[in-house]
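Asks: Turn these sequences into a full structure, and let the hints steer you where they fit.
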Amino acid sequence: MAIGSPIEWTEATWNPVGGCTILSPGCTNCYAMRMARRLEAMGQAKYTGTTRVSGGRAKWTGKVVLDEKAVELPRKWTKGRLIFVNSMSDLFHDNVPVEFIERVFDVMRTTPQHTYQVLTKRAERLEAVSPRLRWPSNVWMGVSVESQDYWWRVDHLRATGAAVRFLSLEPLLGPITANDLSSIDWVIAGGESGPGSRPVQPDWVRSIRDACLDQGVAFHFKQWGGTNKKASGRLLDRRTWDEMPSRHLGQRQQDESLLLT
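Straight run, no breaks: the sequence shown in our numbering ends on number 1075.
Bear in mind the hints are in silico, worked out from the structure with no lab data behind them. Treat each hint with caution, since some may be false.
[Unchecked claim] Using 30 Å as the maximum straight-line C-alpha spacing, the simulated BS3-like pairs for lysine-lysine come out as follows:
id, residue 1, residue 2
1, LYS877, LYS860
2, LYS1044, LYS873
3, LYS890, LYS860
4, LYS893, LYS877
5, LYS873, LYS860
[Unchecked claim] Derived Cβ-Cβ restraints for the label pairs, each shown as a range:
id, residue 1, residue 2, range
6, MET856, SER996, 38 to 48 Å
7, ALA1045, ARG1020, 33 to 43 Å
8, LYS890, PRO1013, 37 to 47 Å
9, THR862, ASP1056, 31 to 41 Å
10, ASN993, ALA942, 24 to 34 Å
11, THR1041, GLN962, 36 to 46 Å
12, ARG917, SER1060, 19 to 29 Å
Note that the structure is a prediction, hence the values are computed from the model and not measured. Each residue gets a CB set at the ideal place from its N, CA and C atoms; glycine is no exception.
Replies: Below you can see the structure in the form of structure tokens.
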């Protein structure tokens, strides 16, 4: 587990799974492929064979590793942290058995001092597995949506039992026009960074921010990206946007409870 994550919207990372498969355009320049290659070169057996070099760049091979030693790590942390789950993989990858996913959820459920952020592109499998999972309130569940073509992932997220639901619109590769954010608590948006990064347009980001403001959804703008993301910064209309979902949860949960009475 890594403490002090460079990812702006979390505090630590926990990777009970390593390795992945390219699924959609948002995966093309995934930082985790480069990192996995580097970690393998440093001797971390967990990432051995998870990438290959193609066109001078690291690419996933499709090999997925279940890291039994890493599963119990959060129990060793008594101080509560905001933890991004599987920054180097996807917990809902087809090669991760449901029983293993259940074990990860059991650890999250029994360590309530932490808040967990789980993110997937495999939204269909997420919905299919959801009824088998015990969803604790300290688990935030999200899906990645890089363009309008993948907005359908949001509907699968809405169908889960997650108490907190969020969207990662990163890397944002096109405008998002279907801005219905019902049952969504948090939206992260950001441009792509690193080698070969594809540019993001300011109006794409503004449209998402405005939808969040109109619908009372927490909004976080991570970065403009590019080959030098520090230079491009993360100011949107002269300010940073660092909202978190906890600011908005109470009202939505209250509204939903009223509908059930």
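Asks: Decide, hint by hint, whether the structure agrees.
Replies: Results for each hint:
| no. | hint | verdict |
| --- | --- | --- |
| 1 | LYS877 to LYS860 | 10 Å, holds |
| 2 | LYS1044 to LYS873 | 25 Å, holds |
| 3 | LYS890 to LYS860 | 21 Å, holds |
| 4 | LYS893 to LYS877 | 33 Å, violated |
| 5 | LYS873 to LYS860 | 16 Å, holds |
| 6 | MET856 to SER996: 38 to 48 Å | 45 Å, holds |
| 7 | ALA1045 to ARG1020: 33 to 43 Å | 21 Å, violated |
| 8 | LYS890 to PRO1013: 37 to 47 Å | 42 Å, holds |
| 9 | THR862 to ASP1056: 31 to 41 Å | 37 Å, holds |
| 10 | ASN993 to ALA942: 24 to 34 Å | 26 Å, holds |
| 11 | THR1041 to GLN962: 36 to 46 Å | 26 Å, violated |
| 12 | ARG917 to SER1060: 19 to 29 Å | 27 Å, holds |
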